[in-house]
Every structure is written in structure tokens, then in C-alpha cells.
Amino acid sequence: MIVAAFFRWVETAKTQDRARAANALARAYLKSEMVPEERQSAQMAMTYLLDDPSPQVRLALAEVLAREARAPRALMVSLAEDQPEIASTVILHSPVLSDADLVDIAGRGTVETRALIAARAEVSVGVAAALAEIGEAAELEVLLENPDARFTAFTLRRIAERHGHCERIRSLLLDRDDLSSGVRQLLVQFVTDALAGSGLVIGAIGSRRIERIVREAGHCATIALLADVHGEELSRLTDQLRIAGRLSPAFLMHALCAGRTDFFSAAIVAISGLEERRVRSILATGRFHAVRALLESAGLGRDVSPVFVEAVMLWRSLIQSADSFDLEHIAQRLVLRYRGNHELNDAARALIDMVERLAIAEERRLARDYASGFALAAA
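Counting in full-length UniProt numbering, the sequence shown runs from 1 upward without gaps.
Keep in mind that a hint or two might mislead.
DEER-style ranges, computed between Cβ atoms [as the list claims (entries may be wrong)]:
| hint | residue 1 | residue 2 | range |
| --- | --- | --- | --- |
| 1 | Glu63 | Ile243 | 46 to 56 Å |
| 2 | His289 | Pro147 | 21 to 31 Å |
| 3 | Thr12 | Arg70 | 27 to 37 Å |
| 4 | Arg67 | Asp175 | 26 to 36 Å |
By construction, these hints were calculated from the structure, which means they are not laboratory data. Given the structure is predicted, the values throughout are model-derived calculations rather than measurements. Cβ coordinates follow ideal geometry from the N, Cα and C atoms, glycine included.
Given only the sequences and the hints, what does the whole structure look like? Please build it.
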């Protein structure tokens with residue numbers, strides 16, 4: 001009888017009165033002691049108010065129920081799909097909405113809807129994965145900024161693959177301690193692509209020169225990344241670079257000159273398909289012709305393989321020498337060995353030119369470090 005009377009009253013009541021009634025009804029449902037029949041009647045009355053023509057009435061329900069674990073799930077799902085002013089509080093705060101509910105809402109919703117889901121006090125692995133697959137950069141920025149969002153390595157990779165071209169997404173990903181080296185390398189490629197496609201940079205430097213600068217900058221970033229990658233992760237990253245076609249002679253020589261000998265060995269294993277133990281044994285102890293045959297079996301041409309063998313031998317000599325463990329000057333030593341050799345072919349000469357640029361860059365870095373140290377000591 002009470003519910004029937006409420007329904008009759010609602011038909012003629014003013015909007016503000018209906019909104020006050022909705023607020024009082026929701027509070028009574030949550031706070032008052034009710035017998036099951038009364039609770040069922042109250043829930044039925046609130047459900048009826050979901051069809052009220054005034055958003056003010058539905059908003060009154062949402063404001064009371066949004067943060068309550070005892071709120072009826074059917075009501076909360078309906079309110080979460082109402083107009084934005086009403087849905088926002090529910091989507092952002094309701095503990096009643098399950099992961100499945102949130103995924104469905106994200107799939108049917110807007111950028112704003114997904115941003116609200118991304119900003120919830122807790123975002124599960126499953127919800128984060130769903131947002132990574134369908135979300136635009138704007139809501140994924142919110143997700144990555146949320147300290148209570150949980151990610152798998154695969155989800156972080158999907159965000160990088162889909163939105164690595166976005167500078168803010170790259171920054172947020174690179175700030176994470178749990179980002180794999182493979183994803184970091186993927187983001188390095190996005191950065192180099194962005195630089196190569198910049199009209200301002202091309203206009204200032206020229207397209208031919210920018211191609212070389214961008215390539216070498218990408219090499220530097222990847223090689224710096226390799227310093228902290230070991231074991232299985234190194235193998236995975238090496239394979240990723242192989243599949244992407246990044247294991248060029250120039251890149252491999254850059255890695256050798258930078259001291260990434262473990263990576264160089266892993267790269268030769270990945271390219272040649274030979275057993276790792278055999279590759280490492282030849283690189284560590286093999287004679288000149290054995291090392292050269294190994295490198296050529298990995299696809300390094302006979303025109304550049306002697307330069308690589310020389311670099312390997314230099315590393316081996318320096319590592320075995322207790323007196324001159326000077327691992328920073330492989331590039332300089334190669335330049336001294338080959339500069340002025342008029343018998344070099346074009347490919348080997350281009351490789352030595354690249355090595356010389358590395359040597360010059362290293363000398364400039366050392367000079368900057370020295371100057372900084374001197375200024376610090378003087379201060």
C-alpha cells in the first residue's frame with residue numbers, strides 16, 4: 001500500500017519534491033532497519049525513479065548510493081550508463097560495479113567514461129588491460145598516472161604499441177620501474193620516428209643529414225638501454241631487434257665500441273642460429289679466421305668482417321690485460337688502425353667513419369665530464 005501511494009504521489013509531485021524523496025528513500029534503504037518486504041519495496045521505488053524525466057531526481061539517487069557497498073547493483077549499473085553528470089560519480093566511486101561491469105561500460109562509453117574508470121581508486125589488471133585495448137591516449141594518460149592501477153607487462157606493451165607516438169604516454173611509460181627493456185626499445189623507435197618526421201628538424205638540418213643523425217641517435221639510446229639488460233631479458237630484446245631489422249652492421253659495431261659484448265654475442269647467436277656456447281667460445285678464444293668465419297655466417301659481409309674481428313680482438317686483449325683495462329677507447333684504437341688505409345672498400349670505410357664519430361663523441365663527453373668535475377672542485 002505504501003509503495004502504491006508513493007507511485008501515485010510521484011506522478012503529480014514537483015521535481016524538487018521528487019528529488020528530496022529520492023534522497024530520503026536512498027538514505028532509508030542504506031541506514032534504516034527494514035524487514036525484507038520493506039527493503040524490497042524501497043528498492044522497487046528507487047528502480048521506478050530511474051525512469052524519472054528529471055535528471056535532478058536520478059542525480060539525487062546517485063549522490064547517496066555511489067560510494068555504498070550495500071547499494072543495489074542493478075540500480076548502480078543503470079545509473080552508471082545515465083547522462084554524464086549522473087554517471088560520473090557512480091563510475092568513479094561505486095564499489096558495487098564489478099570488473100565485468102566496468103569493462104562493459106568502457107566498451108559502450110565515451111572518452112570521458114573511460115577516463116573516469118581509469119581514475120578509480122583501484123583499477124584491476126583486467127580493467128587496465130581492457131582500457132589499453134580500446135582507450136585513446138587521453139584516458140590512458142589518466143590510467144598511467146593512477147598509482148593504484150595494476151598492469152601486466154603485456155598491457156604496458158599494448159599501450160606503447162598503440163600510443164607510443166604520443167609524447168606524454170612515452171614519458172609516463174619511461175618513468176615506470178616495471179617497464180621491460182623491450183617496451184623501452186619500442187619507445188626509442190617512436191622517438192626516432194618522430195624526430196625523423198619533424199618538419200622543423202628537416203628544414204633546419206636537411207633530410208639526408210637528419211636520416212643519419214636520427215639513426216645514430218636511435219643506436220645510442222638502445223645501446224644505453226642495453227647496459228642494464230641481462231639473461232633472458234637480453235635474449236628477448238635481441239630477438240625483438242632482429243625481427244625489427246635493427247641488427248645492422250653499424251648498430252653491431254656501435255654496440256662493440258660501447259662495450260656491450262654480451263649483447264654482441266647474443267646478436268650473433270640470434271642471427272646465425274648457432275648454439276650460444278659455441279658462439280661465445282669462438283668470440284672468446286677463437287683465432288682470427290675462426291672469428292671471421294663465425295661473423296660471416298651471421299651475415300656480416302666479407303667487406304666489413306675484418307673490422308669486426310679487429311674490434312673483437314681488441315676487446316679480448318684489453319679484458320685479458322691487467323695493466324691496460326681501458327675499455328673506453330676501442331673506437332679510437334680502431335680509427336688509428338684503419339684511418340689512412342687506402343685499401344678499404346666503401347662499406348668498411350663507411351663503418352670506420354661511423355666509428356670515428358663515436359670516438360669524437362666519446363672525447364667530447366670526457367671533456368665535459370672533466371670540466372664539470374673541475375668546476376665542482378673549484379666551487
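Hint check results:
A hinted range of 46 to 56 Å for the beta carbons of Glu63 and Ile243 is consistent with their spacing of about 53 Å. Range check, His289 to Pro147: Cβ separation about 57 Å, and the 21 to 31 Å hint is violated. The hinted window of 27 to 37 Å between Thr12 and Arg70 holds, with their beta carbons roughly 31 Å apart. In this structure, Arg67 and Asp175 meet the distance hint of 26 to 36 Å, their C-beta atoms being roughly 31 Å apart.
Hint violations for this structure: number 2 only, all remaining hints satisfied.
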